[in-house]
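Asks: Heads up: the sequence shown runs through residues 289 to 405, numbered per the numbering used here.
If you are wondering where the hints come from, they were derived from the structure by calculation, not from laboratory data.
Just so you know, these numbers come straight off a predicted model, no measurement behind them.
Some hints here could point you the wrong way.
Claimed, not checked - Derived CB-CB ranges, DEER-like:
{"#": "1", "residue 1": "Thr341", "residue 2": "Gln300", "range": "33 to 39 angstroms"}
{"#": "2", "residue 1": "Gly313", "residue 2": "Ile373", "range": "30 to 36 angstroms"}
{"#": "3", "residue 1": "Asp345", "residue 2": "Thr314", "range": "19 to 25 angstroms"}
{"#": "4", "residue 1": "Pro328", "residue 2": "Ser304", "range": "21 to 27 angstroms"}
{"#": "5", "residue 1": "Trp395", "residue 2": "Gln368", "range": "18 to 24 angstroms"}
{"#": "6", "residue 1": "Thr314", "residue 2": "Pro344", "range": "20 to 26 angstroms"}
{"#": "7", "residue 1": "Pro374", "residue 2": "Tyr318", "range": "20 to 26 angstroms"}
{"#": "8", "residue 1": "Gly347", "residue 2": "Pro391", "range": "18 to 24 angstroms"}
{"#": "9", "residue 1": "Asn393", "residue 2": "Ala327", "range": "18 to 24 angstroms"}
{"#": "10", "residue 1": "Arg332", "residue 2": "Gly297", "range": "18 to 24 angstroms"}
{"#": "11", "residue 1": "Gln292", "residue 2": "Gly347", "range": "20 to 26 angstroms"}
{"#": "12", "residue 1": "Leu298", "residue 2": "Asn393", "range": "25 to 31 angstroms"}
Where a beta carbon is used, it is the ideal one built from N, C-alpha and C, also for glycine.
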Amino acid sequence: VQLQAYGGGLVQSGGSTRLSCVGSGTITRYHTMAWYRQAPGEQRELVAEVGSTGSPDYGDSVKGRFTISRNSANHTVYLQMNSLIPEDTGVYYCNSRPWHGAPINYWGQGTQVTVSS
289 VQLQAYGGGL
299 VQSGGSTRLS
309 CVGSGTITRY
319 HTMAWYRQAP
329 GEQRELVAEV
339 GSTGSPDYGD
349 SVKGRFTISR
359 NSANHTVYLQ
369 MNSLIPEDTG
379 VYYCNSRPWH
389 GAPINYWGQG
399 TQVTVSS
């Protein structure tokens, strides 16, 4: 499985941006797709995940502000980020697993999101 992320950049506090990630290779519609992020000096954390049924899960810090969605037909996952705050700054990584909770992880290359105050 290969994952290619798009989007990111510099955004003002309170603004919005959208990330997208396209999967290729052996990915199927049954794979979960997710976004993680890592701030400088911090551990990588789950931002949002969506399974094959489309039911999403969110990290507590982004609930109500971020929306994850997927297009299983072309193995693409999106992350709409609204009401951004400086604490959302970090490198965002696209992730996929063969099923929810699988011990196998595939990672994209990461894309930087910087929220200015």
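Asks: If a hint holds in the structure, say so; if it doesn't, say that too.
Replies: Against the structure, the hints come out as follows:
1. Thr341 with Gln300: 33 to 39 angstroms: Holds, since threonine 341 and glutamine 300 (Cβ atoms, about 35 angstroms apart) stay within the stated range.
2. Gly313 with Ile373: 30 to 36 angstroms: With a Cβ separation near 35 angstroms, glycine 313 and isoleucine 373 satisfy 30 to 36 angstroms, so the hint holds.
3. Asp345 with Thr314: 19 to 25 angstroms: Given range 19 to 25 angstroms: holds, Cβ gap about 24 angstroms.
4. Pro328 with Ser304: 21 to 27 angstroms: holds, 23 angstroms
5. Trp395 with Gln368: 18 to 24 angstroms: This hint holds: roughly 21 angstroms between Cβ atoms.
6. Thr314 with Pro344: 20 to 26 angstroms: holds, 24 angstroms
7. Pro374 with Tyr318: 20 to 26 angstroms: Check failed, 37 angstroms falls outside 20 to 26 angstroms.
8. Gly347 with Pro391: 18 to 24 angstroms: Taking Cβ atoms as reference, glycine 347 and proline 391 lie about 21 angstroms apart, which means the hint holds.
9. Asn393 with Ala327: 18 to 24 angstroms: holds, 19 angstroms
10. Arg332 with Gly297: 18 to 24 angstroms: Given a distance of about 20 angstroms, which is inside 18 to 24 angstroms, the answer is holds.
11. Gln292 with Gly347: 20 to 26 angstroms: holds, 23 angstroms
12. Leu298 with Asn393: 25 to 31 angstroms: About 28 angstroms separates the Cβ atoms of leucine 298 and asparagine 393, which means 25 to 31 angstroms holds.
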